[in-house]
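Residue numbers (my numbering), protein chains in the order written: chain A, 1 to 372; chain B, 1001 to 1372.
The set of hints was computed from the structure by calculation and includes no laboratory data.
All values derive from a computational prediction rather than experimental measurement.
Some hints could be false.
Cross-link-like lysine-lysine pairs, in silico, DSSO-like; alpha carbons within 27 Å at most [said to hold, decoys possible]:
(1) K200/A to K239/A
(2) K85/A to K1287/B
(3) K1287/B to K1200/B
(4) K1085/B to K1128/B
(5) K1128/B to K41/A
(6) K128/A to K221/A
(7) K1002/B to K1200/B
(8) K287/A to K1070/B
(9) K1041/B to K1070/B
(10) K1002/B to K287/A
(11) K1239/B to K1287/B
(12) K287/A to K1085/B
(13) K1070/B to K1105/B
(14) K2/A to K239/A
(15) K287/A to K239/A
(16) K2/A to K85/A
(17) K70/A to K85/A
(18) K1105/B to K1128/B
(19) K41/A to K1287/B
(20) K128/A to K70/A
(21) K1128/B to K70/A
One side only, chain A facing chain B, incomplete, derived with CB under 10 Å [to be verified]:
(22) T44
(23) V71
(24) G77
(25) F81
(26) Y305
(27) L329
(28) T331
(29) R343
Ideal Cβ positions, reconstructed from N, Cα and C, are used throughout, including at glycine.
In case you want the letters, here they are:
Protein chains: 2
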Amino acid sequence: MKFIILRQDTETSARLGRISTAHGEVTTPAFLPVGTAGSVKAMTPAELVDLGVEMILGNAYHLYLRPGSKVVAELGGLHRFISWKRAILTDSGGYQVLSHAKLRKVTEEGVSFQSHLDGSLHYISPEKSIEIQEDLGADIIMAFDECIQYPASYDHARDSLERTLRWAERCRRCQRRTDQALFGIIQGGFFRDLRERGAKDLLRLGFEGFALGGLCVGETKEMMLEVLDTVLPILPVEKPRYLMGVGTPEDLVEGVIRGADLFDCVMPTRHARTGCLFTSFGRVIIKNAQYVRDEGPLDPNCSCYTCLNFSRAYLRYLFLAGEILSARLNTIHNLSYYLTLMRDLRQAIMEGRVVEFRERFYSLREGVYNPQ
Amino acid sequence: MKFIILRQDTETSARLGRISTAHGEVTTPAFLPVGTAGSVKAMTPAELVDLGVEMILGNAYHLYLRPGSKVVAELGGLHRFISWKRAILTDSGGYQVLSHAKLRKVTEEGVSFQSHLDGSLHYISPEKSIEIQEDLGADIIMAFDECIQYPASYDHARDSLERTLRWAERCRRCQRRTDQALFGIIQGGFFRDLRERGAKDLLRLGFEGFALGGLCVGETKEMMLEVLDTVLPILPVEKPRYLMGVGTPEDLVEGVIRGADLFDCVMPTRHARTGCLFTSFGRVIIKNAQYVRDEGPLDPNCSCYTCLNFSRAYLRYLFLAGEILSARLNTIHNLSYYLTLMRDLRQAIMEGRVVEFRERFYSLREGVYNPQ
Chain A
1 MKFIILRQDT ETSARLGRIS TAHGEVTTPA FLPVGTAGSV KAMTPAELVD LGVEMILGNA
61 YHLYLRPGSK VVAELGGLHR FISWKRAILT DSGGYQVLSH AKLRKVTEEG VSFQSHLDGS
121 LHYISPEKSI EIQEDLGADI IMAFDECIQY PASYDHARDS LERTLRWAER CRRCQRRTDQ
181 ALFGIIQGGF FRDLRERGAK DLLRLGFEGF ALGGLCVGET KEMMLEVLDT VLPILPVEKP
241 RYLMGVGTPE DLVEGVIRGA DLFDCVMPTR HARTGCLFTS FGRVIIKNAQ YVRDEGPLDP
301 NCSCYTCLNF SRAYLRYLFL AGEILSARLN TIHNLSYYLT LMRDLRQAIM EGRVVEFRER
361 FYSLREGVYN PQ
Chain B
1001 MKFIILRQDT ETSARLGRIS TAHGEVTTPA FLPVGTAGSV KAMTPAELVD LGVEMILGNA
1061 YHLYLRPGSK VVAELGGLHR FISWKRAILT DSGGYQVLSH AKLRKVTEEG VSFQSHLDGS
1121 LHYISPEKSI EIQEDLGADI IMAFDECIQY PASYDHARDS LERTLRWAER CRRCQRRTDQ
1181 ALFGIIQGGF FRDLRERGAK DLLRLGFEGF ALGGLCVGET KEMMLEVLDT VLPILPVEKP
1241 RYLMGVGTPE DLVEGVIRGA DLFDCVMPTR HARTGCLFTS FGRVIIKNAQ YVRDEGPLDP
1301 NCSCYTCLNF SRAYLRYLFL AGEILSARLN TIHNLSYYLT LMRDLRQAIM EGRVVEFRER
1361 FYSLREGVYN PQ
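Working from the sequences, and respecting the hints, build out all of it.
Here it is, written out as structure tokens:
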């Protein structure tokens, strides 16, 4: 992996960059659609390419449990298995073990847990996570971290951070493949000094990129932005910065302005399936009765397949009827919205009008969001 | 609607024809994917066009209940509502009232029933069915018939047939729009004399096409073929003949050879969602363990998006993981199989090698099917 900065904004910390991988280039800042279990839900690879997606996210935890990372390796790796020719980043399983698995037990050595699929017993250590991710063969892989729940006590956050740092070092040491970039993950809860320490200690281990974990776990917007304002300025400019699990359209704008390069979130795909749709003027809850005879497009400012061809009335109907096409058309639109937002942000960085972009972005929206 | 015969096979009753509608031409014999409730499940209109679909089927019963045929009319009709620019045929609701509705009560006047969606009370008469179908605005609409269950007694089948004939006449009389072709439906169960009578009486009413209803309801293949052999020779050559709800790939081949022009069936789309896939060498149950590491395409003789891009191992995995992409890729393949079969049959008629086509079709398949 190679990363270059193409342009640094002068008024904000936003930067335009390019990650080069064996599976193509990724222009940053970029949003990675989440393909947890080997499929970005409701989408084909061809549709993702049409939307301009350059990298997707896969999950070590899910793919290890099913179909099994060894099976994926035998079938030629994740790219080939899911027929995705562009870049892939896999998460290490740290967060998923927290959020999905049952009977989780964390020790210094690793984490034992029960599969959420069938209750079978499993064990993932930093070494095992790297082995799984080497079997999957993504372009970027993540260190195995402990992601704590929110809220957490200072002592718990500190102990967990220290363990995550020791695990990060073990991940670094056991990595065998040389064609995968390994990113470290900064934890530390919502304690400024822990986040600072987490960042500085991780820097010394020398990863190819740095991620902020443990965000969007229930904290306020202000708390999240404080973490960004604390950590991002410490990170080396020449390495990509990844906000894991982030976030809303507003979060993306604020993250980009603070100098983040990569984002992933289930929000556009998951909300699509529950009928919550992102538009340039705010969110639309498509099941609402007001749309029953609404012939207009979901978002007149959008040129995705959904908005070009279907009315709000039809989208409402499909959602209420439980048609698969509802999930499809909604997902196409929400991903298009996210991808277009990132494209517009990149254009704004290129043209030196990031501050103006941010103002216009908020002024268009119904529920104006003003982080202090 | 206009129908012309382009070529009559000399060795069989198969014929190549063309139906012209205000929404384009349909080359026959043709298979109509089922878009019961305003969506061919898991497919976009664009994908159907890519597969070469020229006409789809919609359902008066479903669309009357939700979103309401008056709502569809206000939104510019079914074509516009679902964004489908090619031809549509709507079924009258006769069959759906039988198979879906609760507390059904049939009188000479019509059918009262409870909605399968919310238990609300409704009433559909022949006049009401035509009104619904005129509101929907399909290119071809169907007379409201009584479809009896199998098995049925001779007396029940006769009474029902006679009522269906009286209802057909009422449908003819109450039709107001002149831009929709009305097809009559021949019932009569599996009694040769009733089917003959049904066909002859219906002919006198002068419909623009004739359908055989009450097929694929649990009877044997031989019983179905006997009905085709009884009725199809009686029908006027210059009118399209439609086998409603038919059927398996074998049924399509046998129907075409006996001179049928139109077919519809939920089988390719519904089976796709349950993982039963049609291939040139028989059916594949994709969840079977034998495919866990199978890198080959589902059907090496198929050039659909699914077969060109994904392995059996991935299709098996997606099915077991319950991914929406499983329903999508399976539906694309199954519909492609059906559409390709019909295209190959049309080509065989054009080139005068229908008998040869039929022999090769059966010889390729694992479970050879030999109707006596």
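Problem - Those earlier numbered hints the structure runs against, lowest number first - result: Numbers 3, 5, 6, 10, 11, 15, 21, 24 and 29, in rising order.
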